[in-house]
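Engineer: Position chain B against the provided structure of chain A, taking the given hints into account.
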Amino acid sequence: MKEVKCECGHVNPHGTVLCESCGISLIEEKAQGKLHDMRYEGSARRSQTYNKTIIDKIWNFFSSVKVGVWLIVVTLIASALGTILPQEMYIPTIMTPAEYYEDQYGWFGKLYYQLGFHNLYSSWWYLVLIASIGVSLVICSIDRVVPLYRALKTQRVTRHESFLKRQRLFGITDAQTVDETFEKVKENLKGKRYKIREEDGNILAEKGRFSRWGPYVNHCGLIIFLIGGMLRFVPGMYIDDMVWIREGETKLIPETDGQYYLENKEFTLEVYDKEKDNKAFSEAIENAGMVAKNYQSDVILYKKVDDSVAGEEAKLEEVKEYDIRVNEPLKFEGFALYQTEYKLDELSSMSFNLVKKSDNEPLGNLKIDLNEPEKKYDLGNGYSVEIMSYFPDFEFNDDGEPRTKSRVPNNPAFVFKMLTPDKPDGEISFVAIQQTVEPFGDNEYQMKFAGIETKDVSGLTVRKDSTLWFFAVGGFIFMFGVAQGAYWNHRRIWIRRKDNEIWVSGHTNKNWHGLKREIGMILDGSGIQEPKDQLQDE
Amino acid sequence: MKKQRLIIRTVILLVLGAAVIYTLYANFTKDDNPEIEVGKKAPDFVLTDLNGEKYRLSDFEGKGVLLNFWATWCPPCEREMPYLEQQYQNYNDEGIQVLTVNVGEATVTVKEFIDRHKLTFPVLNDKNQEVLTAYGVDPLPITFLIDKDGIIKKIHKGEIINEAVIADMAKEIKP
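Top to bottom, those sequences are chains A and B. Residues in the first sequence are numbered from 1 upward in steps of one, following the UniProt record's numbering. Residues in the second sequence are numbered from 1 upward in steps of one, following the UniProt record's numbering.
Any given hint could be a false lead.
Said to hold, decoys possible - Sample of chain B residues facing chain A (criterion: CB under 7 Å; computed from the structure):
{"no.": "1", "residue": "T10"}
{"no.": "2", "residue": "L16"}
{"no.": "3", "residue": "N27"}
The set of hints was computed from the structure by calculation and includes no laboratory data. Remember, predicted model here, so these are calculated numbers, not experimental data. Glycine included, each C-beta is placed from N, C-alpha and C at the ideal position.
Bound conformation, chain A alone:
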């Protein structure tokens, strides 16, 4: 690929529109326009010039801003589609997702499911879209920042007449009326913090070039942000799990490699009391009914100090005691335990009295631990009760047989065998909440319900996120880039002698009004006329 040698002697890369050095137009058709297109300084964006190999073709595809914008638009639309119906992870597990979507949302739900939108944000094509935006960001930036840097670095003080003439701000003054040394002008330029370069009595004054790098700094921030998102998939970098612990229970904290245990001493749910709390809220409390004031789990964190394996009783050492509240997680070793859920009054034990139906006289009391009932309860005096079957979460299955739905005592039911001195073979009784069945005819004895005890259960989120720093740093760089591009202006003023004339041109990347005012102040009293805005003249 041949390079382009300008008449000023500078050798430009192929595809350059305006000579990097003197600014003359290198392309004939472009020269016809009244004003130069100063985007990227008329430098050769590499993507537009080479299109030979497959690598170049891929490169050029991603280098296109048009492609980048389309990728963003498509991603936006896809992201919006994912919010129309709840995602799979948020639907109840009462039936399969396929059935659920059709059942709840009809044909649309079915289509939604079939198209895979129920799991949109982790679908391969969505990730490919996000990744393509990342690739586009990198390549677009490289493809523009390098030539722009080159062009700004190579620019000469003395620009070609055609370049100056085609700047938006341009004016010619008769040299006779002017102080030839531009001393006053230079002083003014310095006062406005311009950097001044001189060549053969011509001047290039420039400031705020820094601003031109803003978009690229911003992109660097975005890329770091995306890397952070990518790192979430790396094992161990991001953990989001859940642990349920009953009051009084000590449990292994998942994802801690079997190292940490947590004991739940007590769960508390406090509500606002219209009598005790600020009277101003009493009406609101009355309208809303119950208003939660505090969700709190009082816990003790333990660390395992022996090398016991899973299932074995571990030797634990207390690390700390803490009261976990909403937004006040317990933190240790990069982990945080958040109060996220609770279950009040889970049954923990049930008490029964064995009574003789005829006289209702209690013959003995038994208290059954619903998480671990005993096989047999001896009540003394020859009375005892055996548990034949236990269904902690009782229901009848399709065949009408009793069964349990889970190991959680939500709805306990028992098959008791009551052994008494006058019935040594025992009487069988099926007892569930508010329900007693005597399958083998009328019994003489009965298990009479005598009370329950309950415990609360805390649901804690186990969270570890080692990627947050990437988001913080990426976000900061992103904002820095935005500020850099937005609050600084890249301004250039050229002053050139041409025979008996003084030519003045001005260019800025934004805020033309500001530049015009500034030039006005700089040229004030120098005898040089203010350049005109050629765009407004038309």
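Structural biologist: Chain B in isolation, oriented as in the chain A frame:
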């Protein structure tokens, strides 16, 4: 110059491509517990059966181990029990130990289930769900096949639907 540009472009595209492919791969395997994989060492555990006898997985090194997780409320678990029971003795002869782990239900409930199905193989009870957590068990049933060196050879998710399936399993872990 031109060659250099091609190399730079190729390198950048390769790096970006690798990052994308890794992300996709990691996304599709993120639900798997990274510690529990075919080819990795099965986490050791100690559990007690209903008679109070202790079982330590590492004690079975030198033998293959079929490790099955189940619950009484899980119908597929209940359906596969007869196959496990039938194969238990054959497996024993071949040097394979069958261990089953209940998800920590009440002893009374588990005992009743064992009696009803006349199970003779060891039934361990994972009272604190520590072994379930360590093996990332979800959903039930799930069967791990561990070879004589304690390496996981196969993970069978779901029900063992017939005898042929369980016979095949033996081949994987026969010492």
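Engineer: Now, for every hint given, state plainly whether the structure supports it.
Structural biologist: Hint by hint, here is what the structure shows:
1. T10: Status holds, d = 5 Å.
2. L16: Interface hint status for B:L16: holds (5 Å vs cutoff 7 Å).
3. N27: Hint on B:N27: holds, closest Cβ of chain A at ~6 Å, below 7 Å.
Of the numbered hints listed earlier, not one is contradicted by the structure.
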